[in-house]
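S.K.: This is what each chain is made of:
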Amino acid sequence: MELTLLGQTALAGLFPRGISQYAIGGVLIGLGVSTIYLGTAITPGASTFFESTLSYVSKIPRFNRAKYLVSRDWRIVFTLSMVAGAAVYALTLGGGGWTTDVQAWRLLAGGVLVGVGTRLGKGCTSGHGINGIASLSGTSFANVATFMLTAIGAALSMQALGVSP
Amino acid sequence: MSSDSRSPLFMPTIVLGGALFGVGLAHSGMAKPEIVLDFLQLQDLGLVFVMGGAAAVTGTVIALATRYLDRAPLTGEQYGKREKTFDRSVLLGGVVFGVGWGISGLCPGSAYASLGIGNFPMLIGIAGMFLGAYAQGYWRSYRESTSGTATPSD
Numbered sequence: 072m073e074l075t076l077l078g079q080t081a082l083a084g085l086f087p088r089g090i091s092q093y094a095i096g097g098v099l100i101g102l103g104v105s106t107i108y109l110g111t112a113i114t115p116g117a118s119t120f121f122e123s124t125l126s127y128v129s130k131i132p133r134f135n136r137a138k139y140l141v142s143r144d145w146r147i148v149f150t151l152s153m154v155a156g157a158a159v160y161a162l163t164l165g166g167g168g169w170t171t172d173v174q175a176w177r178l179l180a181g182g183v184l185v186g187v188g189t190r191l192g193k194g195c196t197s198g199h200g201i202n203g204i205a206s207l208s209g210t211s212f213a214n215v216a217t218f219m220l221t222a223i224g225a226a227l228s229m230q231a232l233g234v235s236p
Numbered sequence: 054m055s056s057d058s059r060s061p062l063f064m065p066t067i068v069l070g071g072a073l074f075g076v077g078l079a080h081s082g083m084a085k086p087e088i089v090l091d092f093l094q095l096q097d098l099g100l101v102f103v104m105g106g107a108a109a110v111t112g113t114v115i116a117l118a119t120r121y122l123d124r125a126p127l128t129g130e131q132y133g134k135r136e137k138t139f140d141r142s143v144l145l146g147g148v149v150f151g152v153g154w155g156i157s158g159l160c161p162g163s164a165y166a167s168l169g170i171g172n173f174p175m176l177i178g179i180a181g182m183f184l185g186a187y188a189q190g191y192w193r194s195y196r197e198s199t200s201g202t203a204t205p206s207d
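Chains A and B, in that order, give the protein sequences. Taking our numbering, the leading residue of the first sequence gets 72, the next gets one more, and so forth. Taking our numbering, the leading residue of the second sequence gets 54, the next gets one more, and so forth.
Rather than coming from a laboratory, the hints here were simulated on the basis of the structure. Since the structure is predicted, the reported quantities are computational estimates derived from the model, not experimental observations. Where is the CB? At the ideal position from N, CA and C, for every residue including glycine. Any given hint could be a false lead.
Claimed, not checked - Restraint ranges, calculated between C-beta atoms of paired labels, are given here:
(1) B:T119 with A:L162: 33 to 43 angstroms
(2) B:A180 with A:L76: 34 to 44 angstroms
(3) A:L76 with B:L145: 43 to 53 angstroms
(4) A:L220 with B:P174: 23 to 33 angstroms
(5) A:G89 with B:T113: 21 to 31 angstroms
The following block holds chain A by itself, in its conformation from the complex (with noise of 0.2 angstroms):
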């Protein structure tokens, strides 16, 4: 009995919020990904959108290789996909909008580094955090260790230096 509620205690403590909304959040990602994987064989990432949308204004060798420019029109429709699925939800069942608090600078030069890191990386959160994992790739698991490990140390020492939000 008291074993039972200190471990719902400690649980509680990890997952003050629960767990719920996060597995079904997590599952239906999996099966947003799955969808195009089983229809196209496609791994889709989120943050090649990058190089590939920059291949329509940019003249760099580096963002008109070939599997940039034949990817470039279905990664802008999947990332507004995600951008149209994100508001139904909010107007339905999410409880309409929200804005973050997080200050601008934050936004701003996290973005920059999170822009150089995925390209220099090879993938992002789910490219490779997702989709690699998924396939059991040692590269992925590499580079999820290092940005996991590295970004617990950068918010904990952001903690530290008293910014907030």
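Guided by the hints, dock chain B onto chain A, whose structure is given.
M.R.: Using the frame of chain A, we list chain B on its own:
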């Protein structure tokens, strides 16, 4: 894959998959940088279930498709795994991405979904991502054109 060999159902499938992805990101709270930062500050470990749940579903589908199915109906492409070659830039990129993620709570997919839930300040973050990706591509192209030797592409 050339666009000519795509089925008319190709784009609708991308739309359906992307929309499910966006709903999942919104429902899981990953579209809110605050919740991602709570994970990274070890105050709510729920993100493990998001990434784990998504990878478990996708992993099962990939394992079954590569074993029992031949070619994807909408492209004629063979089912495969996502395998990128390992080199130093995988780790270096992971570090740079990790610092950015830890500073801001932003990653690409969740940023798109964040716009969808009406979080327009996220446009600053997405602009930052484009700037970063452009700078990285510019630097790589510059280095390749000046070094004279072709760098192996990823």
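S.K.: Assuming the hint says 34 to 44 angstroms, is it satisfied by the Cβ distance from A180 of chain B to L76 of chain A or not?
M.R.: Given range 34 to 44 angstroms: violated, Cβ gap about 49 angstroms.
S.K.: Lying within 23 to 33 angstroms: is that true of the beta-carbon distance L220 of chain A to P174 of chain B?
M.R.: At 28 angstroms between Cβs, range holds.
S.K.: Range first: 43 to 53 angstroms. Now tell me if the beta carbons of L76 of chain A and L145 of chain B are that far apart.
M.R.: With a Cβ separation near 46 angstroms, L76 of chain A and L145 of chain B satisfy 43 to 53 angstroms, so the hint holds.
S.K.: Against the range 21 to 31 angstroms, how does the distance between the Cβ atoms of G89 of chain A and T113 of chain B compare: consistent or not?
M.R.: Distance hint for G89 of chain A, T113 of chain B holds at roughly 24 angstroms.
S.K.: Is the gap between the beta carbons of T119 of chain B and L162 of chain A within 33 to 43 angstroms?
M.R.: holds, 38 angstroms
The structure does not agree with numbered hint 2 stated previously, though it agrees with all others.
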